[in-house]
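Here the protein sequences line up with chains A and B, keeping their order.
Residue numbers for the first sequence follow my numbering, beginning at 7 and rising by one.
Residue numbers for the second sequence follow my numbering, beginning at 12 and rising by one.
No lab work stands behind these hints: they were computed from the structure.
Be aware that a few hints might be false.
[What the hints assert, rightly or not] Sample of chain B residues at the chain A side, in silico, Cβ under 10 Å: (1) PRO64; (2) LEU162; (3) LEU165; (4) VAL167; (5) ILE246; (6) SER249; (7) PHE253; (8) LEU254; (9) GLY287; (10) THR293; (11) LEU295; (12) LEU299.
[Claimed, not checked] Beyond 10 Å from chain A on every Cβ pair, some chain B residues (computed): (13) ALA35; (14) GLY77; (15) TRP85; (16) GLN99; (17) LEU116; (18) PHE140; (19) GLY141; (20) VAL144; (21) ILE154; (22) ILE161; (23) PHE206; (24) VAL213; (25) THR231; (26) LEU234; (27) THR238; (28) PRO259.
If you're wondering where the values come from, they're calculated on a predicted model, not measured in any experiment.
No residue lacks a Cβ here, since even glycine has one placed at the ideal position from N, Cα and C.
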Amino acid sequence: MSVYVGRRLLQSLVVLLGISVVVFVILHLTGDPTPLMLPLDASAEEISRFRRAMGFDDPLPVQYGRFLRGVLQGDFGNSLRHDEPALRLVFERIPATLELTAVALGIALLLAIPAGIVSAVFRNTALDYVSTVVALIGQAMPTFWLGIMLILVFAVGLHVLPSSGRGGLANLVLPALTLGLFTTARTMRLTRSALLEVLGQDYVRTARAKGVAEHRVVWKHALRNAAIPVITIVGLELGTLLGGAVITETIFAWPGVGRLSVQAIYNRDYPLVQASVFVLASTFVLVNLAVDLVYTYLDPRIRLG
Amino acid sequence: MANVSVDALPLRKVPDLGQSEVWALVRRLIRRRTALFGLVVVVAVAFAALLAPVLVPFDPLAQDIGQRLKPPGWISPEGRAHWLGTDQLGRDILGRILFGTRIALVVGLAAVAIAGTLGLIIGLVSGYFGGWVDDLFMRLADIQLAFPFILLALAVIGVLGPSLRNIIVVVGISGWVVYARIVRGEVLSLREREFVQAARAVGSPAARVIARHVVPNAFTPWLVIATLDMARVIIVESALSFLGLGVPPPTPTWGGMLADGRVYMSTAWWLATFPGLAILVTVLGINLLGDGLRDTLDPRLKL
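Chain A on its own, in the form it takes in the complex (with noise of 0.2 Å):
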């Protein structure tokens, strides 16, 4: 187990050194980032004054280097639009970001669980037949579309919810609907599946041949191992909530980190741009390491597999 556990550590950290090389990258895509972070009508001499403050003129491994120093010490340098530090920023906007995020995660299981069980429990009747017609359509629709769609009904023409910021429970209503649907039609499918497949198990066969009622069938044999995969993919869904909070965040001016970033991408604003990058996809590794590790204490199969 410990064996486990300390290499699924050193791959998170190999993974968050990897990161920091595509996040120092982005920026010298180009060769020379200069340009990018100066306005465009920039003179020869201030480009070039900038350039040496900022070291643009060492070799590619020593600036690598020094911007990895900068990170473990949680350092980006200062934003260029707001002459702050950068993961002051980011770090400033992540509460935000959770509470959208975790909301639409809620929202997403409390939804898809039920309707996939139901769908699975009552196999081609209509309610299976309605519930996989929305969770198709809702696979299918671009989050940016809900969002618009959603204000257009409940803010403009309803006038029943806000269409935008972040305040009461009301605001958070349609970024998390927004947020949550992809996540939600793809858990419900995957939910159906699982369960499908743990009931047509021979255990469950023989649950049934032995005169267990269907609702102990479905509840104490086939759940409990239809839930393994779904927990897994919550995990993983994260990094779809992460991006998808990228756009929610910018439709409803929801003032997350999804949001700054595609500020920052716009403002050309650099070190902001690669905090922002940083600190998401750090999220996500951490937090699927965390979920591993619960999950490898909860299931002997794979701990001692």
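Based on the hints, put chain B in the right spot on chain A.
Here is chain B on its own, set in the frame of chain A:
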């Protein structure tokens, strides 16, 4: 017996998709109603893209300020019918949606081709050789998956500048992981099968074993992934255009039309509604076709 070609031995029939097999596949897809729907949508979208200049009697870029923001079903004084209305510059929305299929399909096909080829090669190498090569690629996959995809694409295109080519390259290169993982899994199980073992035992070089025995068998899951991935790429492309870092205007893109529509949301609902419906129907069709392909070709495939 010394020189028996392994490839001549009837060890296992490799399912190649010859012409009759393609028709058999199409017939099986038609029998499933959802897959049929998907097939019809995909064919219709492909036709729209090919025939856009014939289907649309006017220039999708032609502005007519006098006819701006007209609702669906509007007939202009010159007798032009705007079935889905006009946008803020008086351009016909239906026409722009039909031309928008071109960008969606071009980006979709090209990016899937890049991602699919890259993923196929990496998956084959990783699965066949194993060891540190495999470790290296799988860690690269973890790194790739850690990034919120759309954010990575936005940041890279922000640096390189938005253009059709850059979008295809960025979306294509960063999409290899799904393919590589599935192909790798297939290769791992194929590697232990008798016909592959036999080919190796008689000394076929690795490249030949891979090309003759492994690739044809890994093709089916690859095709299913490629189909479903096309839907993802179309959504990513429209998201990039929506955020202003896609194919630059005035080229009609669904995402770009949505972004325009968002500005006029409170006065002209049709601007944002119809391009979104186009994305929804296209993606739904591709997904259903992909599901149908999976169910007919490889029901055990877990996605």
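- prompt: How about B:LEU165: closest beta carbon in chain A under 10 Å, or not?
  reply: holds (5 Å)
query: Taking the closest Cβ pair, is B:LEU254 under 10 Å from chain A?
result: holds (6 Å)
Given as non-interface: B:LEU116, partner chain A, CB spacing beyond 10 Å: Non-interface label on B:LEU116 holds, nearest chain A Cβ at 16 Å vs cutoff 10 Å.
- prompt: Close enough to count: is the Cβ of B:THR293 nearer than 10 Å to one in chain A?
  reply: With a minimum Cβ separation of about 8 Å from chain A (threshold 10 Å), the hint on B:THR293 holds.
message: Less than 10 Å between beta-carbons is the criterion; does B:PHE253 satisfy it with respect to chain A?
response: Cβ of B:PHE253 sits 5 Å from chain A, so the hint holds.
query: Going by Cβ atoms only, is B:ILE246 closer than 10 Å to chain A?
result: Holds, because the Cβ-Cβ distance from B:ILE246 to chain A comes to roughly 5 Å (cut-off 10 Å).
Status of B:ILE161, Cβ more than 10 Å from any chain A Cβ: violated (5 Å)
- prompt: Would B:THR238 pass as off the interface with chain A, using Cβ distances and a cut of 10 Å?
  reply: Holds, because the least Cβ-Cβ distance between B:THR238 and chain A comes to about 14 Å, which exceeds 10 Å.
- prompt: Should the interface hint for B:GLY287 be scored as holding, given a Cβ-Cβ cut-off of 10 Å against chain A?
  reply: holds (3 Å)
message: At 10 Å, judged by beta carbons, does B:PHE206 keep clear of chain A as stated?
response: holds (29 Å)
message: Quick check on the hint: B:VAL167 CB to chain A CB, less than 10 Å?
response: Given a least distance of 6 Å, the restraint on B:VAL167 holds.
- prompt: Was B:GLN99 rightly flagged as not at the interface, with every chain A Cβ beyond 10 Å?
  reply: With a cut-off of 10 Å, B:GLN99 remains clear of chain A, as the shortest Cβ separation is near 15 Å.
The structure does not agree with the numbered hints 1, 21 and 22 stated previously, though it agrees with the rest.
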